[in-house]
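Protein chains: 2
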Amino acid sequence: MKISARAQSIQESPIRKLTALANAAKKRGTTVYYLNIGQPDIHTPAVFLQKIIAYGEKVLSYGPSDGLEALKEAMAKYFAFFNITLEHKNIVIATGGSEAISFAFNAVADPGDEIIIPEPFYTNYNGYASLCNVKIVPVTTRAEDGFHLPDMSEFEKKVGPRTRAILLCSPNNPTGTVYSAEELKAIGAFAKKHDLFLIADEVYKEFTYDGKTHFSVLQLLGLEDRVIVVDSISKRYSACGARIGAVISRNEEVMKGIAKFAQARLCPPTLEQVGAVGAYELPHDYFKEVMAEYQKRRDILFSILTSHPGIILQKPEGAFYIMAKLPIRDGETFARWLLNEFNEKNETVMIAPGEGFYSTPGRGKDEVRLAYVIEIPKLERAARLLLKALDRFKG
Amino acid sequence: MKISARAQSIQESPIRKLTALANAAKKRGTTVYYLNIGQPDIHTPAVFLQKIIAYGEKVLSYGPSDGLEALKEAMAKYFAFFNITLEHKNIVIATGGSEAISFAFNAVADPGDEIIIPEPFYTNYNGYASLCNVKIVPVTTRAEDGFHLPDMSEFEKKVGPRTRAILLCSPNNPTGTVYSAEELKAIGAFAKKHDLFLIADEVYKEFTYDGKTHFSVLQLLGLEDRVIVVDSISKRYSACGARIGAVISRNEEVMKGIAKFAQARLCPPTLEQVGAVGAYELPHDYFKEVMAEYQKRRDILFSILTSHPGIILQKPEGAFYIMAKLPIRDGETFARWLLNEFNEKNETVMIAPGEGFYSTPGRGKDEVRLAYVIEIPKLERAARLLLKALDRFKG
Chain A
1129 MKISARAQSI
1139 QESPIRKLTA
1149 LANAAKKRGT
1159 TVYYLNIGQP
1169 DIHTPAVFLQ
1179 KIIAYGEKVL
1189 SYGPSDGLEA
1199 LKEAMAKYFA
1209 FFNITLEHKN
1219 IVIATGGSEA
1229 ISFAFNAVAD
1239 PGDEIIIPEP
1249 FYTNYNGYAS
1259 LCNVKIVPVT
1269 TRAEDGFHLP
1279 DMSEFEKKVG
1289 PRTRAILLCS
1299 PNNPTGTVYS
1309 AEELKAIGAF
1319 AKKHDLFLIA
1329 DEVYKEFTYD
1339 GKTHFSVLQL
1349 LGLEDRVIVV
1359 DSISKRYSAC
1369 GARIGAVISR
1379 NEEVMKGIAK
1389 FAQARLCPPT
1399 LEQVGAVGAY
1409 ELPHDYFKEV
1419 MAEYQKRRDI
1429 LFSILTSHPG
1439 IILQKPEGAF
1449 YIMAKLPIRD
1459 GETFARWLLN
1469 EFNEKNETVM
1479 IAPGEGFYST
1489 PGRGKDEVRL
1499 AYVIEIPKLE
1509 RAARLLLKAL
1519 DRFKG
Chain B
1129 MKISARAQSI
1139 QESPIRKLTA
1149 LANAAKKRGT
1159 TVYYLNIGQP
1169 DIHTPAVFLQ
1179 KIIAYGEKVL
1189 SYGPSDGLEA
1199 LKEAMAKYFA
1209 FFNITLEHKN
1219 IVIATGGSEA
1229 ISFAFNAVAD
1239 PGDEIIIPEP
1249 FYTNYNGYAS
1259 LCNVKIVPVT
1269 TRAEDGFHLP
1279 DMSEFEKKVG
1289 PRTRAILLCS
1299 PNNPTGTVYS
1309 AEELKAIGAF
1319 AKKHDLFLIA
1329 DEVYKEFTYD
1339 GKTHFSVLQL
1349 LGLEDRVIVV
1359 DSISKRYSAC
1369 GARIGAVISR
1379 NEEVMKGIAK
1389 FAQARLCPPT
1399 LEQVGAVGAY
1409 ELPHDYFKEV
1419 MAEYQKRRDI
1429 LFSILTSHPG
1439 IILQKPEGAF
1449 YIMAKLPIRD
1459 GETFARWLLN
1469 EFNEKNETVM
1479 IAPGEGFYST
1489 PGRGKDEVRL
1499 AYVIEIPKLE
1509 RAARLLLKAL
1519 DRFKG
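Chains as they are written, first to last, in the numbering used here: chain A, 1129 to 1523; chain B, 1129 to 1523.
Chain A on its own, in the form it takes in the complex:
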């Protein structure tokens, strides 16, 4: 009686696996600044809970498997603001972006099939690859290039008979990179050439800075039937705990398959969908203040980090992460040391080691991901602590 190979092999979240050490540090009385996790401190819009309070049903019953019509309607209106026209049948509401990823993987790939993903990438793609028995084939991007996409020839090298899809994330977690329309068009042409699906994780679509705007793969012409978008309200409305996301595609066969996956788990959480409708109905102005705040945070974190000559990074263009190359040998040893030993006036920092964001063995060992989701005075203090720690760390 053995547990499955997938249960044995699935990666522990590099973002969450050091949580026990952080808790121990807190117990010792040390203040821990959390730069490891993308949990925004922005308040969830009050309308979210208000809508739920106004929920008038006596029975909290199953909703439709593919999500509440009202939520699809609200989403379609929201996307129309970005000149993206969606019909209800193009949307299946998922239990978080996480489930949307799992739906997309399962819809395009069978066990042993391959999906090409630029690395570093969001670690939970690894989790779902293990669960779905899909193989991730990485194309490495570099800190020196701001993690922008390499030449298409690098992608060409990775295509094989089992390749089913390319997965992009833009604005990118963990790098903050926003791919240009040109980069996406090139990838789109590549997907067409090799007859692949193009999956795009666009859950950070609103989070672009310096006046840059996000170009969605849903806007790529002639690729309508290849594109599958992973969406979520977690970051958009600072509602990570709601677990409301969506899969969006105009490929009817894909959506039919995903609708059946959705039936297997009955429905997404009803009350949180009700709350999400309220959030989607907010005027678009809502984002202005939020974006201004994040841009300020990025600028502060970036300027403190670049004051250290040993740190390599480009200014991130979106999301709320920085992937930085540090003058260290092993990010995990450093991260553990920060929680176990480092202490500056009873304070320390928690970071996410970079290696877990790579699939090529050994890559990213000298990198860490930092999330700028805490308020500015704390962020500033955390960044300065990190620099002090770097100077003190022997590794």
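Hint data in this document are derived by calculation from the structure and do not stem from the laboratory. Keep in mind that a hint or two might mislead.
Note: identical chains are not told apart, hence a pair may lie in one copy or across any two.
Stated by the list, open to error - Result set (SDA-like, lysine to any residue): computed pairs, CA atoms no more than 25 Å apart in a straight line:
#, residue 1, residue 2
1, Lys1179, Lys1286
2, Lys1506, Gly1184
3, Lys1154, Lys1217
4, Lys1286, Pro1489
5, Lys1321, Asn1471
6, Lys1320, His1171
7, Lys1263, Ile1170
8, Lys1130, Val1175
9, Lys1155, Leu1349
10, Lys1493, Asn1379
11, Lys1384, Asn1261
12, Lys1155, Glu1185
13, Lys1263, Lys1384
14, Lys1130, Asn1261
15, Lys1516, Asp1241
16, Lys1340, Lys1443
17, Lys1179, Gln1167
18, Lys1285, Val1187
With the hints as your guide, set chain B onto chain A.
Same frame as chain A, but now just chain B:
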């Protein structure tokens, strides 16, 4: 560019696939009585929403991957009432019983592995088997025997080198059968003999009638490390839309694997967990009235159905389903005809065709599942409509 084999092959829910026909009937002005779906009409306890309203956090943030401590605590107390001692580490909160099934399948089986399940069984096991690429090996139970377990020799025949687990559901969906302690002990010994996991879906544990009590596989001695229980609040507190369930096991390796699956999807819905804590804190008396109501409904449905000489069924002992063998050739044709053509004073009935609950081809074609989750006058009317329809139906 093709969708995956699993997306093509996954079964459409036999409970939900006729929904479009029901909607069309409603549009024509026909009243449809829904006996197809296990959506109780019992009010969700008011404390569920009250707890959510009292949720004081400004940010709806990620919770722990394995669930809120407060919910684990409330669950452990609840199980203690049944003399089942659970530690927090024995529980991972899941997004509905559905996710709990998927976690259990993925923890014990890899693609190509087999799980033995008595049929008819809850159709969504099929969905997850497709998604996880696990093969369901059925052991047929019969309406004539009240769907109780056949002799162990029937199970022996189904064990092969890829068999990893047996899955039981008691009280059973779709049959209403409650396995006796003796049946479960026999299956437990069988699991031990063949070194298999024993997965038990016990989401209907409270729903037993005529003074019968439910025996949990968690009470089987000497099987602590083999047993994995799928649990949910959906039926317990009439909160199907909440999507709060749990996996329970004392096998540490299993729970470690499942904790990593849980990390991959970040966390279960936060607000619905907060509500669930409130429900679990209700005094146990809460169930008395609910059970009395269900028992009355069962009695009425059973007595009307048995008044028809062509219907074969035993009195179900639990849950809120009846699996009845009807004098028809094909349950799906009958179910469609009910929605498309049958009309008695502008009323009709929706039922779940039996075939989808079987995995042996051709089995269950003359059976249907009926859920008694609507109030008594409606249930009575629906049952009488069904008898009228049977007499009128040519097939």
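Q | Intra- versus inter-subunit Cα pairing at 25 Å for lysine 1179 with glutamine 1167 | A | Both. Shortest intra-copy (23 Å) and inter-copy (23 Å) distances satisfy the 25 Å Cα cut-off.
Q. For the identical chains here, do lysine 1493 and asparagine 1379 meet the 25 Å Cα criterion within one copy, between copies, both, or neither?
A. Close neither inside one copy (39 Å) nor across copies (33 Å); limit 25 Å.
Q | Alpha-carbon proximity context of lysine 1263 and lysine 1384, limit 25 Å | A | both (24 Å within a copy, 22 Å between copies)
**Q.** Alpha-carbon proximity between lysine 1285 and valine 1187, which holds within one copy, between copies, both or neither at 25 Å
**A.** neither (55 Å within a copy, 44 Å between copies)
Q: Tell me, please, which holds for lysine 1321 and asparagine 1471 at an alpha-carbon limit of 25 Å: within, between, both or neither?
A: neither (54 Å within a copy, 54 Å between copies)
Q) How would you classify lysine 1154 and lysine 1217 at a CA-CA limit of 25 Å: within, between, both, or neither? A) So lysine 1154 and lysine 1217 pass the 25 Å test across copies only (21 Å; inside, 48 Å).
Q: Tell me, please, which holds for lysine 1286 and proline 1489 at an alpha-carbon limit of 25 Å: within, between, both or neither?
A: Classified as within: same-chain Cα gap 16 Å, cross-chain 42 Å, threshold 25 Å.
Q. When no copy is named, should lysine 1130 and asparagine 1261 be tagged within, between, both, or neither for a Cα gap of at most 25 Å?
A. both (18 Å within a copy, 18 Å between copies)
Q: Up to 25 Å between alpha-carbons, please classify lysine 1384 paired with asparagine 1261: within, between, both or neither.
A: both (22 Å within a copy, 19 Å between copies)
Q) When no copy is named, should lysine 1155 and glutamate 1185 be tagged within, between, both, or neither for a Cα gap of at most 25 Å? A) Intra 43 Å, inter 22 Å, cutoff 25 Å: inter-copy only.
Q. Is the C-alpha distance from lysine 1179 to lysine 1286 at most 25 Å within one copy, between copies, in both cases, or in neither?
A. Neither. Shortest intra-copy (48 Å) and inter-copy (51 Å) distances fail the 25 Å Cα cut-off.
Q | Homo-oligomer pair classification [histidine 1171, lysine 1320; C-alpha up to 25 Å] | A | Neither: 41 Å inside a chain and 52 Å across chains, both beyond 25 Å.
Going through the hint list in order, the structure does not satisfy hints 1, 5, 6, 7, 8, 9, 10, 15, 18.
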